[in-house]
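Chemist: For reference, the chains in residue letters:
There are 2 protein chains.
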Amino acid sequence: ALLLLLQGGMASPAPSEGLEQLFRHLELQQDALVQTLKEWVAIESDSVQPSPRFREELFRMIVDSVDTGSQQLPDGQSLPIPPIILAELGNDLKKPTVCFYGHLDVQPAARGDGWLTDPYTLTEVDGKLYGRGATDNKGPVLAWINAVSAFQALEQDLPVNIKFILEGMEEAGSVALEELVQKEKDRFFAGVDYILISDNLWVSWRKPAVTYGTRGNSYFTVEVKCRDQDFHSGTFGGILNEPMADLVALLGSLVDSSGHILIPGIYDHVASLTEEEKNIYKSIDLDLEEYRNSSQVKKFLFDTKEEILMHLWRYPSLSIHGIEGAFDEPGAKTVIPGRVTGKFSIRLVPHMSASVVEKQVTSHHLEDVFSKRNSSNHMAVSMVLGLPPWIANISDNQYLAAKRAIRTVFGTDPDMIRDGSTIPIARIFQEIIGKSVMMLPIGAVDDGEHSQNEKINRWNYIEGSKLFAAFFLELAKLH
Amino acid sequence: ALLLLLQGGMASPAPSEGLEQLFRHLELQQDALVQTLKEWVAIESDSVQPSPRFREELFRMIVDSVDTGSQQLPDGQSLPIPPIILAELGNDLKKPTVCFYGHLDVQPAARGDGWLTDPYTLTEVDGKLYGRGATDNKGPVLAWINAVSAFQALEQDLPVNIKFILEGMEEAGSVALEELVQKEKDRFFAGVDYILISDNLWVSWRKPAVTYGTRGNSYFTVEVKCRDQDFHSGTFGGILNEPMADLVALLGSLVDSSGHILIPGIYDHVASLTEEEKNIYKSIDLDLEEYRNSSQVKKFLFDTKEEILMHLWRYPSLSIHGIEGAFDEPGAKTVIPGRVTGKFSIRLVPHMSASVVEKQVTSHHLEDVFSKRNSSNHMAVSMVLGLPPWIANISDNQYLAAKRAIRTVFGTDPDMIRDGSTIPIARIFQEIIGKSVMMLPIGAVDDGEHSQNEKINRWNYIEGSKLFAAFFLELAKLH
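The listed protein sequences correspond, in order, to chains A and B.
At position 177 of the first sequence the residue is numbered 177 (UniProt numbering), and the sequence of numbers has no breaks.
At position 305 of the second sequence the residue is numbered 305 (UniProt numbering), and the sequence of numbers has no breaks.
Just so you know, not all the hints are guaranteed correct.
In silico BS3-like pairs for lysine-lysine, Cα to Cα no more than 27 Å straight-line [stated by the list, open to error]:
#, chain 1, residue 1, chain 2, residue 2
1, A, K305, B, K372
2, B, K305, A, K225
3, B, K225, B, K372
The set of hints was computed from the structure by calculation and includes no laboratory data.
None of these values were measured; they are calculated from a predicted model.
Please take these sequences and the hints and turn them into a complete structure.
Modeler: Structure below.
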């Protein structure tokens, strides 16, 4: 359906006062646009859990394709990688060409995790559209498509050439994407002037933002093994180096209760803070009280807006995600797990490098801590993802066009923000294509991407569609 | 089928040289006896996972009953408790009455946990009968029934009166059993002289054992909660007291890498070691090399037989079982769990008390550790099981009868052992009924109760059936 839309006939020249018409069209069509989002959310396109069922759902989501091969899992299983969609609309040399990147896969979600509604049935409550992928990233991808199709429906001339790159493995580390961008650098990407991504959130409920940097991520697994089988804690408790005790000590050595990472050298390459950068944090409109309430957190580690923003955007953080192989069900099982795997990740900031962090974590820190325990178990550490941070030049044309479009649609200047999470493709595009990359989020701060009860507001979805339409016109003017 | 068997007609007087006949009968019938075990194992009588499906399987396993009410789960769910079977055979005042306790429920098991065969299909490989419950406790329960039915099949006089008590909630803490024993103290249990349990293992592959003590168990959950929903580690990593960091610190404060429990006061009430007790450990036939190989453990915490046995039997131990609510699947999910529950247990020995341990763990130790972290999260500790240890008088008649029967069947003296795991019913019977309680295991040390690939050897199952038959005759002589 997507490709048919993009290949649809080019319309006659648009009236110069067409923007109002476009906005009205998007508002009138909004129930149809929500219905399309509902159909997209209904596909369980989970790329994280390596099961054939979810991989089939990803293929349902992605209708046309560049072949991307298969993914080799640690356990020997091989799963096909969903193809990547490359599409284009318009080839007018007088117009700027903007390429939109989005992803159609989602994080895992199950009703039992604490969802109040079925995660794969988009459900509207008080103007909020709940569903896995609603805001990350199916809603924003559709908003972009809505903007393009509004021009077409009204037979207005699209002021920019459009390219699309849509993938299905973002939540699993964008396997195969970088290779594809390399390969298509001088073909599909040859005429691209600007690359736009809409895969993050505002820092406010109502005030839009433009994003010029993201943290990277290095994801680690640490396995401690005594034997493959579990033990009975009555029969063996007291005479073993228990793998869970070793693992808990290893995980407990990583970060202190103030959030400070305890791995020696980890802060060595963090960029120093300039006065200019400090001023950016001051001007951002973040209502701490509202932020605390919307995130349902009693107390953060820091008390000021500046400290909080800096610890989300320009300092590394370490999170422990969980343990595989231990007892994780309800009930009281008296087991000594024989082999357990802890999972944690460190968000990377300029100018940290994943390969340096890998050495600091593995060869130095964890091996030190483990050897001091004098345990007879076997430890194996692995960095399964290593994604560098990204930072952009904010005086580029597309950043100016976005600011103007935001003023038109929302009547305000945007917050100039960075994002604490990792969208590796931003850095990949900037490095490989060498063009301006911008992130233009449309979701509100409380959308709950990756968590239970993810949603996008109907308002954000529709105004976001308008924003992209206005952005096309501004970009054409500035180019 | 069980009750029909037990209610079957009493046979004519047995010949005094009937033991050989009984043994031959049991050997000739062994394929039929294994087939019956296969049918019992095929029922997924999992009492640990609180799901209606497994509870139905438990009802299938237990054919007749004393009503035991229902079980209230922490989440508000209510599940029926499987009824407890009380059965009797013979009421001759000149004969001793021996009551056999067993359980028909099993630990959770799934192929995906690392089983090489389907856990609920008894599968014989090289004389080993693999299946969940094969040794814990379906095999031993059937061995007892095999012994009784051999007397009946050969029309020999059963030299003892038999009582049975079979329950279906042992692995879930024998919910409702203690109340039942209290209630039936002066009815069903009125004429009982001896109570026998066969719910543990030898310490050797081939040498039998008699067990005169078990450790108790106190099972704890510690929940750390920031909010009910999870967080995205990019969006919130760096500004939160993350519940997993708190929980890992709490769990890491419990035990050091030498197995020493770090909770202040925990060793205060442990019985001091006498010279007499030391000698028992010396005489036990434990081949450490064989033990290490059979358990597939590279190195234990201790190097001598005596130290190992004492740390399994007469010292407390602490095991961390796992974490509920964190990321426990394969893959690399970048989640900050919002609410996590750690699970650990402490095996109790004479003269520790569960209520004292509960205070030491909760009000003192964990609250101290947590308050020092100055975390804004909420911690809740709960002792969900508190089962005292048990120790018996080994000069009682039934211990002598067991030794003689073991000499007859196996040609050796037994190891006089204790068990590191918890069979609370031993202490309950001893306290409430006030009669001699003995544990007479028939499974080998490598049976893997509670772990993947649980099995009972065909040899142990059949010789164990003979042992019970010989025991009846010896007990009648001594009484």
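Chemist: Take the hints in turn and mark each one as holding or not.
Modeler: Against the structure, the hints:
1. A:K305 with B:K372: Holds, at about 26 Å.
2. B:K305 with A:K225: holds (24 Å)
3. B:K225 with B:K372: Answer holds: K225 (chain B) to K372 (chain B) is near 17 Å, not above 27 Å.
The structure agrees with every numbered hint stated previously.
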